[in-house]
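Asker: Heads up: the protein sequence lines correspond to chains A and B, in order. Taking my numbering, the leading residue of the first sequence gets 1, the next gets one more, and so forth. Taking my numbering, the leading residue of the second sequence gets 287, the next gets one more, and so forth.
In case anyone wonders, no lab produced these hints; they're calculated from the structure. Check each hint, because a few of them may be wrong.
Straight-line alpha carbon distances no greater than 20 Å define the calculated SDA-like cross-link-like pairs of lysine to any residue that follow [unchecked claim]:
#  : chain 1 : residue 1 : chain 2 : residue 2
1  : A       : 177       : B       : 459
2  : A       : 219       : A       : 194
3  : A       : 79        : A       : 110
4  : A       : 185       : B       : 529
5  : B       : 525       : A       : 219
6  : A       : 258       : B       : 403
7  : A       : 161       : A       : 31
8  : A       : 273       : B       : 458
9  : A       : 83        : A       : 33
10 : A       : 273       : B       : 462
11 : A       : 273       : B       : 556
12 : B       : 524       : A       : 258
13 : A       : 273       : B       : 312
14 : A       : 257       : B       : 529
15 : A       : 177       : B       : 524
16 : A       : 177       : B       : 554
17 : A       : 240       : B       : 560
18 : A       : 177       : B       : 458
19 : A       : 177       : B       : 546
20 : A       : 257       : B       : 554
21 : A       : 258       : B       : 559
22 : A       : 219       : B       : 556
23 : B       : 312       : B       : 300
24 : A       : 273       : B       : 295
Computed from the model, here is a short list of chain B residues facing chain A with C-beta under 7 Å [to be verified]:
#  : residue
25 : 299
26 : 300
27 : 301
28 : 305
29 : 309
30 : 459
31 : 461
32 : 463
33 : 488
34 : 527
35 : 528
36 : 529
37 : 533
38 : 536
39 : 544
40 : 548
Computed from a predicted model, the values in this text were never measured in an experiment. Positions of the beta carbon are idealized from the N, C-alpha and C atoms, including for glycine.
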Amino acid sequence: MPIKVENLSFVYNEGTPYATVALNNVTFEIQDEEFVGIIGHTGSGKSTLIQHLNGLLKPTSGKIYINGVDITDKKVSLKDVRKEVGLVFQYPEYQLFEETIFKDIAFGPTNLGLSEEEIEKRVYEAMDIVGISRELADKSPFEVSGGQKRRIAIAGILAMKPKILILDEPTAGLDPKGKEEILNKIKEIHDKYKMITILVSHSMEDIARFADKIIVMNKGRIEVIGTPREVFREAEKLEKIGLGVPQITSLARELQKKGVAIPEDILTIEEAKEYIVRYLRGTKNV
Amino acid sequence: MEHVINTQNLSFEYHAEEQTRHLVLKDINLQFEKGQFIGIIGHNGSGKSTLAKHFNALLLPTEGKVYVKGMDTKDTNHLWDIRQAAGLVFQNPDNQIVAAIVEEDVAFGPENLGIPPDEIRERVEYALKAVGMWEYKDYPPHMLSGGQKQRVAIAGIIAMKPECIILDEPTAMLDPIGRREVISTIKKLNKEDGITVILITHFMEEVVDADRVIVMDDGKVVLDGTPKEVFKEVTLLKKIGLSVPQVTELAHQLKREGFDVPLDILTVEEMVEFLCR
Ligand SMILES: Nc1ncnc2c1ncn2[C@@H]1O[C@H](COP(=O)(O)OP(=O)(O)O)[C@@H](O)[C@H]1O
Ligand SMILES: Nc1ncnc2c1ncn2[C@@H]1O[C@H](COP(=O)(O)OP(=O)(O)O)[C@@H](O)[C@H]1O
Ligand SMILES: [Mg+2]
Ligand SMILES: [Mg+2]
């Protein structure tokens with residue numbers, strides 16, 4: 001289910017004194033199975049962009065094709081779009097409302113009009129996928145930890161079996177351990193089910209490890225787009241808009257300036273180590 | 287010497303009346319000196335917020351004592367002196383701002399202390415200038431970004447002329463720019479105005495140049511020292527679910543490869559210097 005966005009612009013409160021241009025001529029494509037990171041600071045347009053991808057917002061101008069179908073066309077049923085494109089909002093735990101965890105996860109599939117057996121099957125599968133014990137099904141979603149609440153919200157979307165999974169800042173406010181757990185879970189789900197996964201974040205370190213493609217947003221425009229390596233080569237541009245690159249990438253850049261044989265687009269500690277070990281062995285032998 | 291904050295065998299449980307014991311703080315002994323910048327880290331549930339609330343008498347020890355500038359937090363006669371001396375800033379800026387205009391919000395604390403209007407005006411100006419928000423004095427808080435709101439909340443504390451300011455994950459809900467604004471503001475308050483800062487955070491890079499870093503796990507202090515002393519305990523930190531700076535991790539991996547790398551490298555500059563010396 002490839003995604004194609006063409007010249008997308010969006011203005012909030014158009015025609016009023018409060019008009020805000022939130023997206024300005026945005027164009028990009030996402031291929032099947034891709035893991036995409038969208039990064040940018042608050043107000044850069046990330047949430048506005050992804051809300052267009054499941055039809056929650058209608059473009060002021062521009063087109064959005066999902067699997068070749070223009071979802072901005074009035075004839076397209078948004079219900080069908082939302083069946084395929086699952087969106088997990090930021091701080092989704094605030095949207096849990098049912099009295100049991102089971103009912104909360106069942107909400108989406110119930111709206112799809114599935115049979116009771118199918119709903120039950122999907123709810124338990126989704127709980128397994130996100131790592132919420134089935135024994136908790138009848139507990140209140142308000143009695144579990146913050147990290148667990150967030151998993152429940154993700155399970156609610158997974159139970160709809162979307163072909164495209166979009167998560168808006170799923171690690172916001174979690175501690176390093178909770179963050180690792182959620183990120184690894186998302187990566188695991190992507191690797192297993194191969195759905196297009198779009199992860200919105202403002203942490204480069206989070207995105208650098210997993211993404212096939214990174215879209216850097218700034219003031220409603222795409223500032224840089226490409227593979228993590230391509231994007232991190234633009235370190236100066238990123239720093240100018242207040243994003244920065246992972247610490248290990250800046251180390252590589254600094255070392256390269258000093259004449260050490262190391263590419264400037266290093267992404268992981270392991271990679272850096274390889275070159276540095278080679279460098280240290282080399283200089284020692286001299 | 288009198289410490290700004292001094293805990294003596296502090297233990298705490300939320301439901302002390304219940305039969306089963308569930309200590310959230312276990313025998314904490316900490317003395318904080320005036321003018322220091324202290325970082326407290328630990329994963330969720332390790333007891334950081336519970337500890338912070340003991341520093342300004344929002345919670346009282348189940349066992350042991352907490353003294354703020356020598357005043358026992360259990361002594362109700364000193365409650366307002368303690369709250370004035372040690373101000374607490376929370377994670378979510380939206381829950382801390384009470385008034386409809388920035389200036390009024392900052393004046394709220396000193397008004398409650400019964401300070402004369404002229405002095406309040408002076409203090410509000412000083413506090414808003416100190417956090418770089420004076421131009422926004424007439425704004426309604428909801429027009430501000432998260433980082434700006436958090437700076438207004440800090441100004442509200444500064445206007446009380448505290449000895450010490452305690453910030454409980456003040457940047458957790460902010461983006462990188464907001465985080466930078468808040469961190470540089472509190473560093474400046476510490477360096478230039480001599481205010482003691484206790485910063486609770488998950489972000490290791492916010493405490494690499496603190497005077498002292500304290501690591502909490504399961505209600506206990508498990509590490510306490512300079513950032514270099516603390517961050518070189520990579521294995522322990524990872525075991526309790528905390529991360530270390532990427533270059534520190536790299537130093538440890540190089541050591542394992544047999545290179546003679548100092549294990550307390552924290553910054554890119556230090557690593558470059560070591561490798562290219
Ligand atoms: N519901 C809304 N009404 C008016 N303006 C909005 C609304 N939501 C977002 N905006 C504005 O649109 C811009 C982009 O916001 P958003 O898409 O939320 O960015 P991000 O998710 O990157 O923080 C910002 O200027 C923001 O203030
Ligand atoms: N109001 C409360 N009532 C009962 N237990 C609480 C309350 N607040 C926190 N706790 C418990 O105390 C422990 C420490 O929590 P907290 O101090 O908030 O840790 P941290 O700030 O490090 O995340 C946790 O087990 C938490 O569930
Ligand atoms: Mg957003
Ligand atoms: Mg806390």
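Asker: Given the hinted pair residue 177(A) and residue 554(B), is their Cα-Cα distance within 20 Å?
Answerer: Not satisfied, since the Cα-Cα distance of roughly 24 Å exceeds 20 Å.
Asker: Can you confirm whether the C-alpha distance between residue 219(A) and residue 194(A) stays at or below 20 Å?
Answerer: violated (31 Å)
Asker: Double-check residue 529(B) for me: the hint is only fine if its C-beta lies closer than 7 Å to a C-beta in chain A.
Answerer: Where the cut-off is 7 Å and the nearest Cβ of chain A is about 5 Å from residue 529(B), the hint holds.
Asker: Is it true that the CA of residue 258(A) sits at most 20 Å from the CA of residue 403(B)?
Answerer: violated (59 Å)
Asker: Residue 273(A) and residue 312(B) were given as a pair; does the straight-line alpha-carbon distance stay at or below 20 Å?
Answerer: Violated, at roughly 40 Å.
Asker: Hint check: residue 524(B) vs residue 258(A), CA-CA at most 20 Å. Holds or violated?
Answerer: violated (32 Å)
Asker: Identify whether the interface hint at residue 536(B) stands, where standing means a beta carbon of chain A within less than 7 Å of its own.
Answerer: It holds, given that the least Cβ distance between residue 536(B) and chain A is near 5 Å, below 7 Å.
Asker: Does the nearest C-beta of chain A fall within a distance shorter than 7 Å of the C-beta of residue 459(B)?
Answerer: holds (6 Å)
Asker: For the pair supplied as a hint, residue 185(A) and residue 529(B), confirm whether the alpha-carbon distance does not exceed 20 Å.
Answerer: holds (18 Å)
Asker: Taking 20 Å as the top limit, are the C-alpha atoms of residue 177(A) and residue 458(B) close enough?
Answerer: holds (14 Å)
Asker: Minimum Cβ distance from residue 463(B) to chain A below 7 Å?
Answerer: holds (5 Å)
Asker: Have a go at the residue 548(B) hint: is there a Cβ in chain A nearer than 7 Å to its own Cβ?
Answerer: violated (14 Å)
Consistency with the previously given hints fails for numbers 2, 5, 6, 8, 10, 12, 13, 14, 16, 17, 19, 22, 24, 25, 26, 27, 28, 29, 39 and 40, ordered from lowest to highest.
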